[in-house]
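Take the given structure of chain Y and dock chain W to it, following the hints.
Residue numbers (our numbering), protein chains in the order written: chain Y, 183 to 500; chain W, 183 to 500.
Since the hints were derived computationally from the structure, they do not count as laboratory data. The reader is advised that the hints may include incorrect statements.
Identical copies look the same in the list; a pair holds intra-copy or inter-copy alike.
[As the list claims (entries may be wrong)] As a list, the in silico PhoX-like pairs of lysine-lysine whose alpha-carbon atoms are at most 25 Å apart:
(1) Lys439 with Lys490
(2) Lys490 with Lys192
(3) Lys221 with Lys192
(4) Lys257 with Lys417
(5) Lys407 with Lys417
(6) Lys257 with Lys410
(7) Lys221 with Lys445
(8) Lys417 with Lys258
(9) Lys221 with Lys490
(10) Lys440 with Lys407
(11) Lys257 with Lys407
(12) Lys258 with Lys415
(13) Lys410 with Lys490
(14) Lys420 with Lys490
(15) Lys420 with Lys407
(16) Lys415 with Lys192
(17) Lys440 with Lys490
(18) Lys439 with Lys407
2 protein chains.
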Amino acid sequence: MGVNPKEWAKRIIEGDIRAASRLMRDIDDRMPWVSEVLKELYPHTGRAYVIGVTGSPGVGKSTLVDVLIEIFRGKKLEIGVVVIDPTSPFTGGAILGDRIRMQRHSTDSGVFIRSLATRGSMGGLSRSTSDILRVMDAMGKDIILLETVGVGQDEVDVVNIAHTSMIVMIPGLGDDIQAIKAGILEIGDIFVINKCEREGAERMEREIMMMLELGARREDGWTPKIVKTEAIKRKGVKELVEVIEEHRSFQEDPERKKMFLQKALRIELITHLKDQITTRILDAIGHEEGLSRAVDEIISGRIDLYSKSEEILNRLMC
Amino acid sequence: MGVNPKEWAKRIIEGDIRAASRLMRDIDDRMPWVSEVLKELYPHTGRAYVIGVTGSPGVGKSTLVDVLIEIFRGKKLEIGVVVIDPTSPFTGGAILGDRIRMQRHSTDSGVFIRSLATRGSMGGLSRSTSDILRVMDAMGKDIILLETVGVGQDEVDVVNIAHTSMIVMIPGLGDDIQAIKAGILEIGDIFVINKCEREGAERMEREIMMMLELGARREDGWTPKIVKTEAIKRKGVKELVEVIEEHRSFQEDPERKKMFLQKALRIELITHLKDQITTRILDAIGHEEGLSRAVDEIISGRIDLYSKSEEILNRLMC
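One chain only, chain Y, in its complex shape (with noise of 0.2 Å):
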């Protein structure tokens, strides 16, 4: 690079969009000179409220987003938007790569929108995540709406580093339906029932509310609300972010504020340890063509696939 990270963390911090996303680019294709710039950046940090917007695809994340960033924004807030993309492993290409609805607000400058696409078999969703949110909460960004699909283990600790976790749905999904419910009704704060005009709304609610009565309680003492939106047409997304603001003052009392704090940083660090070893297992081997080299060697029947993992290992720890 030939910067100064105290330089770069400067220019961040006071807002500057394009030494902002340079770092974010450089962050994502796991750049050694990142960490000296984030380690700048991490006294500047923990300001932010982060709020998970999780679902299967079709939900309708990205209108419920689009419309919340126009009430934030009514509001006067900053806001960053982080969107985690699935990413093809043919092209490496994002599956949901455009968003035509939210990039009206691409001209606002109050709005910094990231789409975050997971690469290769080296990669996990949540991988450089959490430094990106470091970065727009560095700089200055007062909301940050982290959207995700699916229900896998990614989405899991996405929700467990967001302030506030909201999981959409939407009726008439099948049957399987409970079986989903069941599973997150642990890990939702709000429960949206989206495109409620639609038929099973009503008894959606009544089954989500049900199994919450009859679920343990939460350890932090939340009830999780369920809000019916319609986001296409703006109903409801009023409530809903009265609801989100419910959930942050309770949020705000000191002792689920470390609570919380603990469960997030632990997560976080782990995280951040995993990558930096991903990438020196990668260096260690000698990327791609050290990568097709022990493969082959596998594949020959020189040495097996557990031995071969062991020798790398070897060569890398003390």
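Then chain W, alone, in the frame of chain Y:
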């Protein structure tokens, strides 16, 4: 353990279910003794045919898998089933725990069913999956059905280690379906439109077909097939099996076989390395207790997240 790895491997190769179950549990618990047994099993693997069954919750994957088991058993094939369940971060229990329909096969000694839950933030869906597949392979299973939820990176990895990848969908999931399709088109060998009695099945079929025509040609030359099923009534499943067999014959080509093996082993090697390293990180930090101590240090402000992460790494690596 006190058990000879060679002895243990021998019992598994002879089909001893208790020996295999014990090993799988210990793989899941990351017990160190397992790698010696896996090394012994390795030369006895590479024969099983792995079929990936991926799709959102609610599309009827389990029902489909259940009917597939029935058909393959009718052909006197030995079957393994691996179900990957996303886990609740609070209770550690599997979300989609009981699969009532599939349980009717549990008394059939030709069917071995194993649920893999992902636990805690150090996990990853693909964690021990490939090792479990190796064990079933060594046991002599002819076909292994690998069921996963979602469209995240972990599922993409799973798709890459399956010989044939089925993507299961249902009609009527809303307007974002275009976006989903654009991504999964590249990873599916077979597209199953389940619950095809629903409105919109024909339209869905036409849309997928159109996108397949518009999309880039696949590197391996396979033209993905579309099959409509109503698994709960066994409709279309025989046709599905025929398409699976067609894809299997296609994959038999020596050049393609080699390409596939290179791709799959690459992922398996990396997954195994990451898994081993994760275990060592936890050892180095001092597991739960040490992790809490590290987080408290960060919260107190004595050290920032990134410097702490560096400190741990330097202790661990040469």
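Review point. For the identical chains here, do lysine 490 and lysine 192 meet the 25 Å Cα criterion within one copy, between copies, both, or neither?
Key: between (45 Å within a copy, 22 Å between copies)
Practice item. Measure nothing new, just compare the shortest in-copy and cross-copy C-alpha distances for lysine 417 and lysine 258 to 25 Å and report within, between, both or neither. Key: Only inside one copy: lysine 417 and lysine 258 sit 21 Å apart there, 56 Å across copies, limit 25 Å.
Practice item. First find the shortest C-alpha distance between lysine 258 and lysine 415 inside one copy, then the shortest across copies, and answer within, between, both or neither for a cut-off of 25 Å. Key: Classified as within: same-chain Cα gap 22 Å, cross-chain 56 Å, threshold 25 Å.
Check your understanding: Under a CA distance limit of 25 Å, which applies to lysine 257 and lysine 417: within one copy, between copies, both, or neither?
Key -> Only inside one copy: lysine 257 and lysine 417 sit 18 Å apart there, 55 Å across copies, limit 25 Å.
Exercise for review: Since the copies are identical, ignore which copy is meant and state whether lysine 420 and lysine 490 lie within 25 Å (CA to CA) inside a copy, between copies, both or neither.
Suggested key: neither (57 Å within a copy, 41 Å between copies)
Check your understanding: From the Cα coordinates, with 25 Å as the cut-off, is the pair lysine 407 and lysine 417 best called within, between, both, or neither?
Key -> within (17 Å within a copy, 40 Å between copies)
Review point. When no copy is specified for lysine 415 and lysine 192, does a C-alpha distance of 25 Å or less occur within a copy, between copies, both, or neither?
Key: Close neither inside one copy (41 Å) nor across copies (64 Å); limit 25 Å.
Exercise for review: Indicate which option fits the pair lysine 440, lysine 490 if close means a Cα-Cα distance not exceeding 25 Å: within, between, both or neither.
Suggested key: Answer is between; shortest inter-copy Cα gap is 19 Å, intra-copy 43 Å.
Review point. Between lysine 410 and lysine 490, at a C-alpha cutoff of 25 Å, which is it: within one copy, between copies, both, or neither?
Key: So lysine 410 and lysine 490 fail the 25 Å test inside a copy (53 Å) and across (43 Å) alike.
Exercise for review: Go through the copies and call it for lysine 439 and lysine 407: within, between, both or neither, with a Cα cutoff of 25 Å.
Suggested key: Close inside one copy (20 Å), not across copies (52 Å); limit 25 Å.
Review point. With identical chains treated as interchangeable, where does the CA-CA distance between lysine 221 and lysine 490 reach 25 Å or less: within a copy, between copies, both, or neither?
Key: between (36 Å within a copy, 10 Å between copies)
Practice item. Could you place lysine 439 and lysine 490 in one of the four classes (within, between, both, neither) given a Cα distance threshold of 25 Å? Key: Answer is between: at 22 Å across copies they meet the 25 Å cutoff, but 45 Å inside does not.
Hints 13, 14, 16 from the list above are not met by this structure, while the remaining hints are.
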